[in-house]
Every structure is written in structure tokens, then in C-alpha cells.
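Guided by the hints, dock chain E onto chain F, whose structure is given.
Protein chains in written order, with this note's numbering: chain F, 1 to 599; chain E, 1 to 351.
Treat the hints with care, since some could be wrong.
As the list claims (entries may be wrong) - For each label pair, taking beta carbons as the anchor points, the in silico distance ranges come out as:
1) GLU212(E) x GLY412(F): 32 to 42 Å
2) ALA419(F) x LEU104(E): 36 to 46 Å
3) ARG86(E) x ARG378(F): 49 to 59 Å
4) GLU534(F) x ASP111(E): 48 to 58 Å
No wet-lab data here; the hints were simulated from the structure.
Every residue gets a Cβ at the ideal spot worked out from N, C-alpha and C, and that includes glycine.
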Amino acid sequence: MKTRSAKPLRCLRLLSLVLPALVSAFGPAEATPQQKNTNEELLVVPGDAGHSGGRLVVSLRGEPKTLNPLIAADARSREVIGVMQADLVHINRATQLTEPALAKSWKISADGLEYTLVLRKGLRFSDGQALDADDVVFTFRVYLDESVHAPQRDLLIVGGKPIVVRKVDAQTVVFQLAKTYGVGERLFDGLAILPRHLLEKPYQEGKLGQIGTLATAAPQWAGMGPFRLKEYVAGQRLVLERNPYYWKTDAKGNRLPYLDELVFLFVPNADAQVLKFQSGETDVISQVSAENFSVLSRQQKSYAMTDAGPGLEYNFLFFNLNDAGEKTSPEMQRRQKWFREVKFRQAVSAAVDREAIVRLVYQGRGGGIWGLVAPGNRRWGDENLAHPARSLERARALLKEAGFSWSNGADGESVLQDADGKAVEFSILTSSSNAERAKMAALIQDDLKQIGMRVQVVSLEFRSLLDRVTQTKEYDACVMGIASFDADPNSDINVWLSSGGTHLWNPSQEHPGTPWEAEIDRLIGEQMSARTFEQRKKLYDRAQEILAEYQPMIFLASPDILVGAKNSVGNFHPAVLEPYVLWNVEQLYLKSSPENGAR
Amino acid sequence: MRLRRSVAKWLVVLGVLHGIVVCAGFFAPYDPAEQDRKSPYLPPMRVHVVDEEGHFHARPFVYAFRLRQGTFDQYEEDAARSYPLRFFVRGARYRLLGILPSRLHLFGAEDLRIYLLGTDAYGRDQLSRLVFGGQVSLLAGLLGAGITLSLGLCIGAVAGYYGGWRDDVLMRVAELFLALPWLYLLFAVRAFLPLTVRPLAAFFLIVAVIGEVGWARPARLVRAVVLSAKERDFVRAARGFGAKDVYLLRWHILPETGSVLLTQAAILVPQYVLAEMTLSFLGLGVPEPVPSWGNLLSSLQQYSVLVSYWWMYLPTLAMVPFFLGYLGLASSLQERGPAYKIERRSLGSLT
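Here chain F stands alone, though its shape is the one from the complex (with noise of 0.2 Å):
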């Protein structure tokens, strides 16, 4: 009995020894920044107050390859740099509208090409170095660099010129446009303000590419982001700190971040992620499939999961439509023609039954989908669009319009044959690394087989697929999915322009091969310059409807956004769009329970 107490005792005489000292060593430092200063013009983020303290841990499918937002061009890398990087507009996950960031407001002239955007007081980058108009100036000139290879510099052409940036005083920079821009303010969104003190230089002297890495020391990077770079274990984690010169408070005027620390773990794969969070070495998990999803539903005690409703993903399997001219092989060019048919391809589309890929492949949880927009953009869904159920003979009697019939096979199944009498025989590709894929595939190729096509399913590794689409284009059709970036299609205006490199039946046009695409891109071509909504969604409804009508894709169906969280994580409000539960990370805090106190 003794030694037993005797511990306690002891433990809280060396605490009250540690304690001031801890105080007297942090206190003051951590107080400037923490008490509000008058000159600071802070944003005031409602939802419910927490409290500060806790380190929350979260998964990450494989390391980020850098945490500099010029280069970063991989998922993890942005997922990371997202909540260490801030911009001047932001679009709310939640509402899917913009909404003041680093800019407190913005102006924007009559004509549409002016945008005017005045900065908050006293914001200050996570090392303590104020931001200004100057760094604004500095950030859009070294995204616009031609030799800097930034990522971001395509969005910033505008009507083919480059935004002219100009500054006005300390709090107020003038962006100029050459031709007005449907997107509007959303075009801030995600570019991040860069560092002037710390870049400045390495600029100069071209070395932009070389910073930034993982193992940069903490105090050589800094961003306007809630969380700021602690420790980085090679293989292991990545450990971010709160950020005490952050730009937003709660309710009652507490600086957030709620959270000291932020911890990404390295996880090889989507099942060691599940594996992780069920055991509780992870708070939140986010991206999980179907499958996972009732698993980690049925066992649930300590956590929740949750159906954010439908997102931005959308499923497609397209044919090869490219015209490689005398390099084609005669097999490919007999396949071709089959492809090049709009009604071959619509009975295809016809053919799919998509309701049992949602239930299949989603387990119910996802839509079935006939257009571009996906249905968690719930904005710029047409609604005119036409959804038909799956009809065989409706795809019998379009392969018959295009001249193909049907024979006897050796087992006394029947076989499509084109008008030369040649069976109709190809091969889907899909990433071996996406299941849900693969499944897709493998009940297209059922459902095909009932309209008399052989159809061969041939998983690849997702490189070398994505090689073979879109540059050596020896394939005869794919199941691919994309997920768009944001709720505005013009997200995802490399998919619908012929120019683009993801417009992946045919990529990288010099000029538009059919008319329809050209009509398409005529019509994307001119959203970009509407001003408003109204004009810009008809626009893009008609454009969905030429896609629908000439199936270059065939969209079979999109997922919902599954996440899951532990109970103790507060103010979790997972969302449609990336990042689905880190959006509004500066936010989530623990929620004090005796199982917290322990950690």
C-alpha cells in the first residue's frame, strides 16, 4: 500500500517542480501571439467553441513527396501542404461558396477584369514575419514563372494572357485580367501565399524546386496555414505543430487552431488505414470504401462513421477514339471503327447496368451517374439531363442500326459480328490498384457479354496504364474515375476540352477531331467569359447533353464520401469535397474525456 501511494505523491511533487518552470519557459513566448491584438483584424469562424490542447493523429496513404506548393504535384503532398498553406479566397467545403480568407474582402470592377483585394491587419506567417501586399506580388509573380514549372500557372491564363498583378498599398493588391472569368473569386482558392523572406532569395538564384522537402528544418519553412512543420520521422510520421500567429479565432475569441499537434502517419495502403483506425492509432479516417465502411460500421464502439453524401468522383469507361493515322495496326483499325460508331457506343452505355455497380461495387452507397457533373456538385447538375435504365433491346436495336448482328457460337451462346462478319471482341484496362474498378469492369463485361460482345478484363499497374492511354494509345477501352478538385466545373475543363491532356478519349488535340467536340469546346470556351451563373450552367447543361448524346464516355457511377471519426474529435463535419475531414482541421478539437486525459 505504500509504494502505491507513495508513486502519486511523488509524481505531483515533480510536477509542481516542472510546471512553473514549464510555464515561465513558454508562457511568454506563446502569449503574444495568443492574446489578441488590436491591430489584428481576425476572422471569426462560427460553430461550436472547443478547447485547446491534444494532438490529433491521421493517416496518410504513403508519404508526401514535398511540402512546397510549387512542386507539389501528388495527392498527399497537397493534402499536407492544405493544412500548413493559406490562401487569399477560400470556397467553403461545407457550403461550396467562397468566403474571405487571408483577403478580407474583394471588389470586382464592372467590366469583370478587375479584381480588387484588400488584405487583413497583422496577419503574420507561422515564423512570425508579417505579411503584406508585397508577398501577394511575390507569390502570383513566382506562380507565373515560366521557368518555375509551378502547377498552379494554367489557372492563372486568362483569355491566353497571364493575370497582371499589381499592388496599391500595404492591404490592397490589384489583380487584372485580360477577358473576363467565369470562375470569379474561386480562382484564389488553393494558392497558397508564399513566404517572400524565406524564398526571395533561393528565387533569384533558381533554386524555388529545391526547397521545401520533407527534411527542410522547421524554422526554413513557413506558411499562413493552422499548422506548422515540428518533426519529420523518414518512413514514419510527420508531425505539425499549431501555428500561434494563425489568422482565425472561434466564437468567443480563442485563436485557433484548437490542436497542438497534428500527426500524419504513413500508411502503405487503404486496408492498413482501416487496420490503423480500428485499433485507435488514428483519430479520423477519411476515403474509405464501401466494403471498409460496414466493416468499420458493424464493430463500431468508440468511434463513428459517417455517409457524407454523395462527392465529386465520377466513373467512366471510354473507348480509344485517337486517330494514330498509318501507325494504327489493321486490328485496331477494325476495333476502331466499331468505337468511332455513335451507336455502338451508345448501346454500350445502354448495356450497363449501372444501378448494380452502385450496389455492387458501392454496396448502395454511391449513384449511378450519366453525365460529367458529379452529384455531389449540387449546383451544376443538369437536370434536364435524361437517365434511362438499362434496356438490352434498346442496345440490340441501336447495334442493329449500325449493322451488326448476331451468330451462333460454339456453345451455342450468341456472338456480335460487324457488318464484315468479324466478331466483337476487345479488352477493358483497369488499375490493379483500385478494386472498385476492377469489379466495374468485371460487370461490364457480364453485362456485354449479353449483348453478344467478348469483352477481356486486363488489370494494370496505374502508371502504365495511364501510359498506354495517353501516350503510346495502344488499348481498345478503360474504366477510369477522376475526382474533381472543386464544385465548379471548370475544374475539370481538361476533361471536357479537346486540347486537354485528360480529355482521355483523345487527348492533346491541335484541332477539335469531330464537330461535336468542337461545339463542346466552343461551348466551354464561352462559360469561361459568362458572367453569371445563370448563363454559365446553361452553357455547360448544353455541353453535358452533347456528351450524353455522343458518349465519349460512358459514366456508370459515383461513390459516396465515406469517413469516420472517433466520438472524442469535436466539431466534425466532414464534407464532399478534398479534403473531406481536414477542411476545417483549425476547428477540431478533443473533447475532454478521462480516455483523452490519458493521452
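Below, chain E alone, put in the same frame as chain F:
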């Protein structure tokens, strides 16, 4: 005499098992590729003889499964109506032994699809897939072993009989093959193959690859037998009477290798079945929807399947009697055969 009987016993066991697989169309109630999209992951149906009220029925029956409202894969038995098992029913078309068209199946039921081993993600009958999958996997094992043994016999005989530099070269090559990392070689070969291969072509390619990689071990064994046999008195006598090399090998030496080859065959077949399964499990074998035992197990790579649907493991159990049969046969043959030392390899060494 006693030993011969034990060999016969194992042969009967294997004969029955292979008979079932060869006549897969008859024993499987449905087409293995047919999807029943209303019943994904349906658990195995129980065969009843006693109904809800406790009455005994001479004819076994099953109850239908109904999906529980609002779920995707939770089923419950619906005792409202019983479906008696019918034997020798007409059903899906198939070809017996690959030739005779037929529609006769061992069992089935009216108005209900019976899933004695449950269904997979697409609602395909696991029992039918298991039986048909055996055709692919076992044939791959048998053909692969055949290729390996013929190669091993030829190379071993040449090396052992002629000796000298031929022996040196062949045995060094054999050592090289023994040192090869099998699985990676198979991966590499599969990667070189064209993108789209028909199921049949893919099957023969796999068999050829598996068969040609493993010749070194039987070749060494055959060589050892040949080396000792060629010094036997009756061989010397025959040579003294002017017998030529080919004659000696054919009539006096190679017959001595018979029992070694048989034992090797019994060991190699299950090993090659396992090799085919490994490849199919990793998605390099015969493409879907053609079933093979490896394909059947490949869904177990997903965590959700692993923890949710226990009947997806059942195909692993089906292999046990086959492997037991082959290994039992191998040990019986070994007991019977002459005292040549047979190298044993554990089954697992391949993977």
C-alpha cells in the same frame, strides 16, 4: 502386396476427386461465370431435413435467404417456403469432358438458386466456381509436371549416361535453374506477355512457364539413377553383346528410373497446382471470369472480405484432400520403390 494395396487406395481417392473435377459441369449446379446480382456474398445455405415445426422430411430441402432491409450483405433464412433438393435436373448448358454437350446437373431446386458454399462479390456460385476452378488448377499441375518430368528425364539421362563435359555443362545449368528465384521469374515472364491474352492462351503460357522452370531437380535424380544403373552387370553384358546407346537407355537404364519419376510426379503435381494458385492469386494467372483456385482466393486480399465472409476461405479446404491424396501416393510409392534416395521438397518452398 500390402504396399501395392496402399498405392491403389490413394489412386482410388485421387481418381474420385479428379473424376468430380473432370465432370465439373455435372457436379456444379450452375455456370461458374453466371452472376446473380441480387445475392452478393450470400452465406452457404443449410440443407435441412427437419423443418420449423419439427417434421422430418425424407427429401432434404433448403430455405431461401432474404436480404435484411437496408443492408447490403446481411441475409436471413426465410422459413415460409421450403425448396426440396431435386437430383438430376436440367440446368445451364455445359460440355462434359469438354466435348459432350449436356444440361444434366447432379442437383438443383425449382424456383431457387441453391448456394451450398455461398456466393462471391458478384453473386456467383462458389461451389460451381470451386469445381470448375479445379479443372484449371489441376490440369495446370498435371501438364506442368508432365513437361518438367520429360525435360528432367531427357536431360538427366544424357548427363548421367554420357558423363564428361556434357554432364558438367548440364549439371551447372541445372544448378543455375535451382538457384533461380521462381516467383520473380514467373512475374517477369508474365510481364513480357502481350497485354490481352485469351483465357486459354494464358493458361497454356502459365503451364509452359511453370513446367519449364522446375526440370533441374528431377534431372539430377534421373542422372543419379542412370549413373549407377549404367555400371550394373546386365548393362555391361548387353553392351558386351554390342547394344547401342539408345537401345541400352531405352530397354535397360531408363526403366530403372520409373519409380523415381512416379514419386517425383506425385510430389510435383500439388506443388505446381500451388504455383498456378500463387500466380492467379496475384492476378497473373487465368483472367476473370474463368475460375481457378487462385482466382477464388484472390478476393481474400481485401481486408473487408477477410473479416466479413468466412465462406470465401472454403476453397482452401478443398485443396486439402487433393494434396493429401498426392502426397499419400508419393509416400506409398516411395516405400515400394527401390532404395534410391528421394529428395523431398516441402510444398511451401515454392512460394
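> Checked against the structure, which of the hints given earlier come out wrong?
Replying inline: Every hint satisfied by this model.
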